[in-house]
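K.L.:
Sequence:
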Amino acid sequence: MTMWPNTSFVGGDPVLDFVNTAGGRTKARDTERLNQFVDALEWAHTVGMLDQIERDQLVARADRNPLEAEQALNELREQREALHAFLLAGVEGTECDTEARQRVHSDIATAYRQAEPSEHFRTHPAWIIDITTAGTRLLARRLALAAARLLASDQRTQLSVCGRCSWLFLDSSPTRRRRWCSMATCGNRAKAQRHQQQ
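So that you can map any letter, position 106 of the sequence shown is 111 in my numbering, and since no number is skipped, the others follow by simple counting.
The hints are simulated quantities; they were obtained by calculation from the structure and are not laboratory data. Treat the hints with care, as some may be off.
To be verified - Per label pair, the in silico range of CB-to-CB distance:
id, residue 1, residue 2, range
1, D135, R30, 34 to 40 Å
2, T128, G98, 32 to 38 Å
3, E37, S123, 31 to 37 Å
4, K32, T12, 14 to 20 Å
All C-beta atoms in this analysis are idealised placements derived from N, C-alpha and C, irrespective of residue type, glycine included.
Please construct the entire structure, taking both the sequences and the accompanying hints into account.
P.N.:
Pasting the structure below:
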């Protein structure tokens, strides 16, 4: 099972941290950290997208039906890569791949069809989806709603991509010139590489 250290959460938003569950030390997205459905559930519990009861219910459901869990995991990975392509195109000011754009749209539309408005919108998300409605797709639907919120917020203007790896993050620095997803990882690697070249 994948462990989720603090260095896994540098995006500044759960959607970006989800997108960052793939990627390595370079621009290639060659490191997969959602190896099992339970990895995704642990990640979601860590960031607060699932509570303990939901996590436990989904783990039990995955144990009872491994094929359904595998399908849900594959859907999450596809959703993640479509979101990455869509957000990266926005950051870089390039045209997004049609398939990725359509996938993001479809995921958000499906989530809103299953969501219900919350009368506790001052303290909870305005739209909620429960496990009874979404089943093993609960995390995928909540991520789609969170992506819609991010894209509709002013924070979308803070989106940036690491100068060393493929991770995305919100740059809330005063000058908006942050270059690394994390100074402790990519920033230090870049400094060490420059030092070796001297």
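K.L.:
Hint by hint, which ones does the structure fall short of?
P.N.:
none
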